[in-house]
Every structure is written in C-alpha cells, then in structure tokens.
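*Asks:* The listed protein sequences correspond, in order, to chains A and B.
Residue numbering for the first sequence follows our numbering, starting at 1 and increasing by one per position.
Residue numbering for the second sequence follows our numbering, starting at 1 and increasing by one per position.
Derived from the structure by calculation, the hints contain no laboratory data.
Each statement offered as a hint is correct.
Mimicking DMTMM-like on lysine to aspartate or glutamate, the simulated pairs with C-alpha atoms at most 25 Å apart in a straight line are:
1) B:K95 - B:D74
2) A:K7 - B:D219
3) A:K5 - B:D206
4) A:K264 - B:D120
5) A:K5 - B:E210
6) A:K264 - B:D206
7) A:K5 - B:E207
8) A:K5 - B:D120
9) B:K236 - B:D219
10) A:K5 - B:D219
11) B:K236 - B:D120
12) B:K236 - B:D225
13) A:K5 - B:D209
14) A:K7 - B:E214
15) A:K264 - B:E210
Partial list, computed: chain B residues near chain A (C-beta under 8 Å):
16) C41
17) V63
18) L118
19) P123
20) L126
21) T132
22) V142
23) A147
24) K150
25) W151
26) L286
27) M301
The C-beta atom is built at its ideal place from N, Cα and C for all residues, glycine as well.
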Amino acid sequence: MKKSKTKTALVVIAASIIAFLFLLPLIFMIFTSFKALGEAMSSSALLPKSWTAENYGSIFGIGAEVPVLRWLFNTGLVTIAGTALVVFVDVLAAYSLARLNLPGKKFFLSIVVAALTVPGIVTLFPAFYLFRQYALIDTYAPLVLIYSANTMGVFLIYSFLRGFPKDLEEAAFIDGASLLQILRFVIFPAIRPVVATLSVLTFLTIYNDFLWPSIVTSSDEMKTVTVGVANLVQGANFVNPGRMMAATVVATMPALIIFVAANKYFVRSVVSSGIK
Amino acid sequence: MGGISFLPDEMPFYLTDGGVLRTMRISRTWSIVMYLPFLICFVLFLIVPLVYGIWISLHSWSVFGGNGGFVGFDNYIAILTPGNIYSTSFYLGLKNTLIFVAISVVPLVVISLALALLVDAIPKKLKVYFRTIFFISYAVSVTAVSAIFKWLFTGNGGYVNNLMNSIGLSPINWLNEQPYAWVSILVATIWWTIGFNMILFINALDEVDETMYEASSLDGANWWDKFAYITFPSIKGVFVFLTIISVIASFNLYGQTLLITAGGPAQSTQSLIMVIQQMVFTQNNLGIGSAMAIVMGIVMMAIVAAQYFYSFRKE
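So here's chain B without its partners, still in its complex pose (with noise of 0.2 Å):
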C-alpha cells in the first residue's frame, strides 16, 4: 500500500508524535465525549425501557393507575398457564403469529430469490431499472400498503372481485372468510417486503466469482448445477441471514392484520402484538402485556438461535 504503517492495528495512531501521554490523553478524552452522546440515548431508550419492562412485568400495574404491587412470577403463570383470559388470549395471538410465520417465511425468502436471480439475468444498463421497480414497495407505509390492499381485497366493491366478476367468476369473501384473509395477508406482506431481500440477494451474487461459473460451463455444467454447486454456497450467509430477518418480520405482524382484517375473521389473524396492544390499553393491564412482550421476545430470539446454529453446525 505504500503508507506508512507503523502502528499495530490495535493502537490508535494519535500515539506518535511528541508526548505520547498528552495525545493519549487527548484521545481518551474525545473518544468518551464522541462516544457519549450515542450512549446517553442507548441507555435512555433502550436499557432503562428494557429494564423497567422486566420490573412492570413483576408487578399488577396498570397505565392509568400505575403500580398495583409486587408479585413476582404471577403475570408469566397466568399467562402460560392454560384456562384463564390472559394465557387464552396469549396462546391465541401466539398461535396466529405462529401461522404467519410459518406461511410466510419460505415466500418470502423463495420469492425474493428467484426475482433476484432473475434481476441478475438481465443486461447490466437495464437492470438499474428492474432492481428500482421491485424494490420501491419499500418505501410504502404499511398502513398505505393495507389501504390499498384493503380496497383491493374488499367483498363488496374491490377491485380484485369487480375484475373476477367481469370475467365471470363468483367473487369470494377475500376478508371475512379463512383461507383468504390469510391469503390477503400473505399478499399484501410479499408486495412489501420482499424487495430489501431481494436487493441484498442481488448485492450477494454480484460478488460471486464469475471465473467459477466460465469453468463449470466448459465442464458442461447446466443451469442448475451452477446454481446449486456455484451460486448457492457463495451466498448462503445472506440466504440464513435473509431467513432469519423474515422470521423476525413476520413475528411482528401488527399493521396489516390490523388495518386488513382487523384480526378477523373470528380472531383468526389476531396477532400477538395486537393481543399485547389490547392487553396495555384496551384491558389497561400494562404488566401483564409487559410479561407478554418479554415471554415473546424469548421465543423469538430462541427461534432465531436454533436457525443460527442449525445452519452453522457444521462450519
């Protein structure tokens, strides 16, 4: 490189010339006054939230009425053990979520993949364009997504069953009936996210080693094997990362199934945050919806450690 490299990585370079306390000191100095101001509000908005969360999830507190007194476990016990309201409501949003999760993840990653792939495929000056189009839902407000997809997916006067009636075919209750609210969901949450996955797929193939796929083509290698035996591997770190981001997507499902379906029908796309929402202050039960939070944020970061693990096992 040419530069004068003459400190060890770890030392900060502010070391050298006449002084070495002084400067050091002068660095120490700035590093804790730049530092500061980040931790200030880390520890403001994110530390003491955090903390105080755990302490309300141990007391019968209420939002309007403030704290109602200690006791310990009892906000978990109620809510995980079966047969009282809260462990109902609980158990109902947390299996709803778990739905979601579970339909949502594989389109999601999948989907956005092969857009990828196929953005990939495409000459170089007007790919600058696809890669725009498939990744400007981005910049859409869930609640702008849900009015649109709301109308789009409406019984009565959307547009999705005034195109099917026009061609001929029954309209069908989009909104009110399971398996289609789910599917109206599922819709309007692939339209939204999925091009941030797709453009960090694009940004991982652009780094795949061009030489590799030129060698396999001379060793008579088709489409799918360069997939499988090339691409894949290069970028299965973002592939898991990708996975992962989505899980925690969808477990935050709130928006859509709020303003698309309003958790119906029947509570059958009540989400868990809209559970813990109602809980806080609908029920004014904010340490039950504190202990609700904190038991669902545990069963996201253990699902998100199994995936991390089982896909690294072997590395």
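Chain A on its own, in the form it takes in the complex (with noise of 0.2 Å):
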C-alpha cells in the first residue's frame, strides 16, 4: 500500500509540472498586457517589473483606436444567436428521426451522417459567394447562420435518444399528455445534459471561428473578436507586445469564463457517446 501512495504522490507531482508548463502561454499572456513597452520587449522574466495599466488604457479609453468593445459585442450577439438557432433546430429535428413517424426517416438519417464527411472548404467559398449575391456580405447574418447546417448536434441528439427508454413517453401518452406536452415535461429534462454539451460546443466553436467571419465581413465595427484580433497580429498595432496581449486577453476571458462554468458538462463522456 505504501509503494502506491508514493507512486501516486509523483504522478501528482509530474502532473502539476506540466500542468504548469501548459498553462505558461496564459500565464505570458496575462503578465506581458500589464508591461510597458520596453520591458516586454526584453525581459526574460513572466512577472512585470513595474505594473501599467496603459495598455489596457489604449483599448477601452476614449478614441481608442482599438474596437474591441464592438468586436466583443458582435461576437456576442452572433454566437448567442448562432447556438440557439444550432440548438432549437437540431434538438427538434433529432426528436423527429428518432421517436416520429418521419416519411423517409432512413434517408433523412443517412443524409446527417454522409453530411459530417464533407470537408467545410468545399462548401465555405460558395456560401460566401452566394451570400454576396444576396449583399449579406458584412451583417449579421452570413454570421449567424451558416453554423445551422452543421449535422453533429442532431447526431449527438440523436443518438442519446435513441439510448433513452421510451417508458416515461408511453406512460405520458397512455395518461393524455399532447406531444407539446411530452416534449416539455419528459424528452426536456431528460437531454437537458446533451443539449448543454452541444451548447458549449457550439458556443465555442462559433465564438473562436476565424476562417469564416474573416470572408464575410469587410468592415472594422462588423468584425468578431477573432478577426479583430488577427487584424491587429498582421497590422501595424503588432509592434507593442503588451497592448496586443491586452487586446488578446479581453477577447479571450469571456470565453474562459465560459468554458470553466460550464466545464462539468465535458466531465462525463457525453461527447463520446456519438462516435462508438
């Protein structure tokens, strides 16, 4: 018993090091927005000698020549709307190929699993194109609405349904509860676990998306926090490492904040229950 014990204490031990070794890119990132200009050039150090907040400054100050605010809004209000239109579409069509009566339901169903071995590049530049054609380039909703087609969230939904015993439906269909009703109080609660799984996917995959957005919009106040981002990596504002960090860390934390709240959603093997 001892022997493991000590085994255990250095698997914590190599573990925590490393733990720390990943987590120093953050770490960089975090000291370097807090350093003026000439120390984050040459210091070997992670810690600022002295601490400036200028860099922040230079973002959210009056006549910023950064909009990061705007960009964070954009992202916002795309990714919101983008994940629930990914969760209200899939989490309806997924009830429907697996509990209904679908004409077709075989074919529907082959379509959505042929459909996740289509490489996105085939399909991106033409749905640019086809949204210019319709002067959607730079809204809203090229923004929004592309992640719809995705076929995953109906697959993941699916196949938990299809896990789920039907007992609970038949009892509340055999004590004259409408489909409405079923839906609310028993299909519901039961996927709520899939579905925040499928939200958090979502919502980061569209909140990080960079390819996409970087096509469809053209002017500074319609960019994402992403593009955004990268515009300033290429451009002239990539010569101060402590304001580029700043703006990175501001596009960055909403997503972290997100990601740790909502971590215990990945804690159980939800999202590999898809691929077995």
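Two independent chains are provided; combine them into the complex using the hints.
*Replies:* Okay, here's the thing in structure tokens:
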C-alpha cells in the first residue's frame, strides 16, 4: 500500500509540473499585458517589474484606436443567436428522427451522417459567394446562419435519444399528454445534459471561428473579436506586445470564463457517446 | 425494466390509443414540421453551396466579375497539370499541408494519450482540476493562440529568445528559418488542440473494465502488459477516431500559418487553404479556387477512408 502512495504522489507532482508548463502561454499573455513597451520587448521574467494599465487604457480609453468592445459585442450577439438556432433546429430534428413517424426517415438519417464527412472548405467559398449575391456580406446574417447546417448536433441528440428508454413517454401518452406536453415535461428534462454539451461546443465553435467571419466581414464595425485580433496581429499594432496581449486577454476572457463554468458538462462521456 | 414495452422498437408510440389512423397522421405531420427547420438550414447552407461550388468549378468565374462561361474540366486540368501558375501554387500548398499532417498527427495523438494516462492515474478528487487545465486551450481562438505564440517566438524581442539570451544561449530566428518555423507552428498547434483529444481519451479510459486490471495484476502483469493487452484494445475505437479527426484538423491548417509565420519563410508554411483563399480573393479566381477546394476535399476524404478501412479491415 505504501508503495502505491509514493507512486500517486509522484504522478501528481509530474502532472503539476506539466500543468504549469501548459498554462505558461496564458500566464505569459496576462503578465505581458501589464508590461510597458520597453520591458515587454526585453524582459525574460514573466512577472512585470513595474505594472502598468496603459495597454488596457489604449483599448478601453476614450478615442481608443481599437474597437475591441464593439468586436466583443458582435461576437456575443452572433454566438448567442447562432447557438440558439443550432440547438433549436437540432433538438427538433433529432426528436423527429428518433421518435416520430417521419417519412423517408432512413434517407434523412443517412444524409445527416454523410454530411459529417464533407470537408468544410468545399462549401465555404460558394457559401460566401451566395451571401454576396444577396448583398448580405458584412451583415450579421452569414455570421449566424452558416452554423445551422452542421449535423453534428442532430447526430449527438439522436444517438442519446435512441439509448433513452421510451417507457416514460408511453406512460405520459397513455395518461393523455399531448406531443408538446411530452416534449416539454419528459424529453427536455431528459436531454438537458446533451443539450448543454452541444450548446457549449457550438458556443465555443462560433466564438472562436476565424476563416468564415474573416471572409464575410469587411468593415471594422462588423468584425468579430477573432477577426479583429487577427488584424491586429497582422497590422502595425503588432509592434507593441503589451498592447497586443491586452487585446488578446480581453478577447479571450469571456470564452475562458464560460468554458470553466461549463466544464462539468464535459466531465461525463457525453461527447464520446456519439462516436462509438 | 417494468415499463410497458408493447410496441416494436421502430414503431412510433403515438399509434396506440383509439383512432390509429388519426394519431398516425398527427404524428406524421408533426414529424415533418419538426424536421423542417433543420432541413431548410441544411439545404440552404450546405447542399446548395456544395452543388453550387461544383457548378462554379466547371466555369471561368470570378468573385467580382461573376460567371465567365462554361469551361468543363479545364480548371481541374489546370491545377493538376504541372508547369502553370495554378498547379505550382496548388502543389506548393498541398506539399506544405501534407508536411504538416505528417509531423503533427503522431504528436497530437500520442501526447494527448500520454496526458490522458497521466491524468487517469491521479486520485479522483484532484483529477477534475487537471482535466480542466489541460482542456482549457480548447476555449482559446486560433487568433489568440497565434498572437501569444507569435510573441513567444518572434526573433527580435520575443520571450523565448529573451529567455535563451538570459541563460547564455544564442537566439534562434524561430519564425524566419526552417525547420524552426514548423517547430513554432507545431508547438502552437499542439498546445491549442491537445486538450480535446485528451478529454476523449480520458472518457474512453474511464470505461475500461477495472476487473481486468485486477485479474492481470494477480497474474503478475507489468504496466506495459496492461497497456498493450487491456487498455489499448479497449480504447482502439477512440484512438482511430482521434487519428482521423487530427488528420482532418491538420489538413485545415490556416490561422496559425497565416498569423504566426505569414506563410514564410519563402512560402514554406503556405498552407493549401491559404493558397485557395488567395486564389479566390487576391487573384479574383473563384473558378480555380473552387476546383482546388473540391480536389482538397477529395484528397482528405480519400485519406480518411483509407485510414478507416486500414484500421478496421480485420474486424
């Protein structure tokens, strides 16, 4: 027994060291955002010698050159609307496929699975061109709508429902419940963990997407935060690492907070249940 | 289970009570109504662009000038026949992307499996914290990852070189010299994507039958025997799945090389998606760009299919 205790301690120590190394890039990001230009360029220490908030001032201050808050607003709007759309559309479709008498069910199920294998790059530019034809470039429409075609969510919820016993629904039906009541009182509570997982995955996908928002936005006000920060990396602002990292901190924090808060939904193997 | 399972599995349960035909019709109507929103989105934003993309690839077509006439398979011939500007950039992007797939997939899968095994050996109470830490980079966007790693690796004033200077090592021109440019991209990508793979491995490890370990301990099996004969066979499905996912992810290399190395040095990290993106926008050639995207998609699907059949051919 003693031997296994030392072994466990060694494992925890090794994991702690690796965890610290793993967090270094984020620690670097946060500390550098509080360094002035000269120190950020020359320092080999992580902690700032003299702390400064001027980098954040240049983002949030009056007349700030970089509209990070506007980008965050765009990202927030697009991410919430896109996630709501995906969850709404996918839950209904998955229920219809798993439980109802949908005509051509086999065919509709197989296109859901087949679509998972189509590489995104194939549809990306034609989709851009179509949105352009309808003068929807640089609006919120393409930023929200495109994610609704992803079939992963339908597949996840469908797989879950197939493994979920029908007894409760049958009992509710015999007691005279309508379809909507069954959905509301039996199905929704049951699928909540899968829906939570799907929501978080979709949320992070949309929040962090880069290629698509970079081709369907053109004005500075319509950019999402990932596109805005990318332009900073490529542009003249890049010469100041402190300011660059401050913008990155502001861009990254909301997603990190949501991730940590929602982390428990990843703990159980819901994500892997669809792939076996 | 005790419940009344009086219906065959494939039958909708709404047929039971009086008026079979009526409830069947209701169920059918509702099933269509509920499937329709998804179907509309799916057709508009996946099927239509897919078909339209194939159609465009058979035409001379530009973003700003529109359709310039049917050309048959000329676009495909142009990008596949060596010796012209289109095929030169296509093969360059394909070669660079394949190099990245070759150097990234093994570390992405092996390191995440090693991390998962490590985390799995941690006592339950602490496990959840380590799980969160190693998964945290999943919440960081490619542009933030690139901003961070570009400032870590930048030759002049970057943190890694400052650190190397301070301990007496001569600085390396990470982003403008090969193989260091690939090393930088690889490190950034591993840090960014390893957490997702690890989580799926951990979930798979949780489901391995504990009693098999106990039985093998009694038989005197060592750590490697247990891994090779119990653990790995149990998680093989997830292993293959993650290998395929990693190949697809590495094929889609774009943000890191665009932002960290800008395709350099000497276009050696110019990925295929960067080439296609430039073809469509900078060269204003949507026809060639669409053909390139479709060939890329076919190459990806072929590699994934080969992996799949190779992995499961015996079972």
